[in-house]
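The chain contents come next:
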Amino acid sequence: MAGWWELVRAWFAGDNSQGNDPNKVPLMGYTADLRHFRELLGHAPDFTVREFRLGVSGQPVAALYLKSLADEARIATELILPLSAVPALVSSSTHASHADTVRNFVACGTVAEVADLSLALDHILLGETVVLVEDLDVALVVDARASRGRVIAPPEIETTVFGPKIAFVEDCEMNLSLIRQQIRSPDLHVETFVLGTRNPRRVLMLYIAGLATDETVDQLRSRLKAIHVGSLLQTNYLQQMLGISPWSPFPQAIHSERPDRVSGNLLEGRIALLLDGSPEAIILPMGFSDLFQSPADYYDHHLLTSLMRSLRLLAFFIATTLPALYVAIITYNYELLPTDLLFAVATARAGIPFPPVIETVLMVVLVDILQEGALRIPSKVGQTVGVVGGFVLGQAVILARLVSPLLVIVVAVSVISSFAAPDYRVVGLTRLLRYALLAAAGVLSGIGITAVWTGVVIHMASLEILGVAYLRPFAPLRLGSLSDFIYKKPYRGADASQAQRIREE
Amino acid sequence: MQGKPRVTAMQHGMLIVGTLIANGIFSLPRVAAQEAGRSAWVAVAGAGLVVLLVALLSDRLAGLFPRQDPADWSLKLMGPVFGRLWLLLYLVKSCLFVVLTMRIYSAIITNRMLAHTPSSAFAAMILVLSVMAVLAGINGLARFAEISVMVWFPLMTLLAVTLLGGHTFHLLPVFGDADFGGLLLGVKSAAYSYAGFDILLFSYPHLEKPKASMRAVLWSIILVTIIYTLTTVAALMFFGVEHLTRLLVPTLVMLSIAETSVIERFDSVALFMWMGMVVVTSGTQLYMGTRLIQGLWPRLSFHKTAVFLSAFLLIASWGETPLRQLITLADYFGTFDLTFVTLSAVLLLPLAYLSVRRSTHRGR
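Those sequence lines, one after another, are chains A and B.
Numbering follows this note's numbering, in which position 125 of the first sequence is assigned residue number 125; successive positions increment by one, without gaps.
Numbering follows this note's numbering, in which position 211 of the second sequence is assigned residue number 211; successive positions increment by one, without gaps.
Calculated from the structure, these hints are not laboratory results.
All of these numbers come straight from a predicted model, not from anything done at the bench.
Mixed in with the good hints there might be a few duds.
What the hints assert, rightly or not - For each label pair, taking beta carbons as the anchor points, the in silico distance ranges come out as: (1) B:89 with A:233: 38 to 44 Å; (2) B:92 with A:228: 35 to 41 Å; (3) B:349 with A:299: 56 to 62 Å.
Unchecked claim - Examples of chain B residues lying across from chain A (beta carbon under 10 Å, computed): (4) 88; (5) 142; (6) 242; (7) 262; (8) 279; (9) 321; (10) 323.
Idealized CB from N, CA, C, for every residue including glycine.
Put together the whole structure using the sequences plus the hints.
Written out as structure tokens, the structure is:
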């Protein structure tokens, strides 16, 4: 009863503390705050507290930072030195203007105010410097972070012959500057989110106002705000935490290490996410067709691009389905093959003790193990293992009559085809589909293959990334967007119309 | 209806094409030729014309209730008793259609490909895929229909190959052995191949641009009629009436004759690719069935109802039925379907006009 009355009274009195964030810890005063931070971070060898006095007035001031993340030289010259030398005229002003004094005399970066100890702690952990001044009821946050990341290097995965030779680094400020170098527009909006309760990380959401739809931006913003996670280390986790369709094996966001690709996508009305500590950006929304587009496509002749995109799509189909087709045709649907070809296949298989499905699964598993092993082996030995695995083992299994030579060709073509897609995640996807199709072909012939593909297409048709259909521009069919799907038409400076099309989709 | 309507006019049309084309294309030339002889193709084209008229009436009916499907407006329009009765009859029709579609496909697969696998296994597979499509909602279903039709369509080029191998004298004289009654019987027997166009009543409320519906209905049914007529012409030219009437699935036999240096039997390829269309048909009918159940019991959840309905249909239709028997059943069903949809459109359209006028009057 008393609790109920308290609530009503608090509501009438305008006291909404009941609804406040329980994690919020208000500032308690200079000495208590310092003690609080020392208790929390005192164990960290890189946690530094620099105490000094504010100019002539001599009020105690403390600069708190992690020296592993902050630039100590800048803190000394741009923060401590100017504040220690505040002239008497300024320092003798009222207590309320201390914040202004600090803001005016600090020479580095931006100065923000926080009234919450937990928030101030987050800032320290992000590499910023928190300034506590006696008798001041807020803490000041000064951005004096050190850029200790690696230097900008050429892309390693998305390599192109032409185009910029720069890739993102682990510092998201630097990555933002790389994008800003490409898009010099005031419409480029950047929103900051801090995610992770135990290990806070900054996430930057970038979009171009007027090109990205409000609906998509709102949807992504609310998804980011809804993320409650202890730690967020990589963009892959971030993508999964967005909860678009976590059970789907299909990639649901473009991952790119190239600022030019991100910029191009922003200009098409998409949204990019940069995570501090990750050298790649996530681009949303994405569709199935994006898996087969390479940054190099935009630097090559459009006819060559169109040809290569068709080949990549064909390669995806070969990579997933060829071994299953082999099993289905050899086991059940031999009527599909012309008689001469059928005899050739039968001769090649003569003397193989296993049924086609077992033979194929054995070979596919062997190749997958080799592939996985080669990834872990140091690169200098890796090539040798590849040669031994590919040539020697392949030759040996044929000589031992465990598999037919035709199957070795089928599996080799299938595995090589899986690498034709520019997005590395397609390799994993083709593996999954290959096994599912193999199992279906072994049990239900070509009908099984069709059933799996039908299921896959239904699944893709049901997928929507931030309200955009995954199968666009095929379904819903937008003839205008097909000009940058398989066939790429010559560029005529039509980025605005491209963005318009994405908006319509 | 919830959410922003996002079905495009193209998808609306593809849903109709996808639903129609899976039914009976393999046996259509035979059933039409049995009744109308050499004039079978005229009967098929005539059936298309009748269906087009009924579809346009249905489209008008759907247009009177924008953003509502029959599950929403039937009780308001016909009252609680007749409305429920109509919904129930409609539900039975949709369920029968799902069962027939999947059973015919399964029986053909068992007959021509995998004789040792029970056809119920294939029926179960079709139902699982159909439920997946239904659970994707009307937007997912429409996208799937769009892709399926686009993938399936190139197969039609094979008809050209068979047309080249046929003899035109099999077609002549066009009205040689069928009187008007025979033609009408031919139209009636072709009805099953055109069953399912009433999906337009259910996809109309989800259209981005409802005004484009009529055009979509027009081109989709004309396209299906052209495909069916050409298939019948090709079968007549290839086999002649007498031989044609002895074949159970003449279109498949015809496709098995077309060959290239890489693929020898296109009938198998056709059967593989036909699965997508079968799933579209059973998916649309399952969607309709689920919505109709929701019309009867509005509190039921869409997803659970769809799953339970499909499980019920699978159990109810479990077992082996000979293909010939199924095709005969399909013939009866086609007549029932066309009659039901035609009567519904003809009788409900004036009622709907009156109802809309009355409510507009009240609004003023």
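Going down the list of hints, with the structure as the test:
1. B:89 with A:233: 38 to 44 Å: violated, 59 Å
2. B:92 with A:228: 35 to 41 Å: Given about 49 Å between the Cβ atoms, the range is violated.
3. B:349 with A:299: 56 to 62 Å: holds, 59 Å
4. 88: violated, 29 Å
5. 142: holds, 8 Å
6. 242: This hint is violated: residue 242 of chain B lies away from chain A, its Cβ roughly 27 Å from the closest one there, beyond 10 Å.
7. 262: holds, 7 Å
8. 279: holds, 6 Å
9. 321: violated, 19 Å
10. 323: violated, 16 Å
In this structure, the hints that do not hold are numbers 1, 2, 4, 6, 9 and 10, in rising order.
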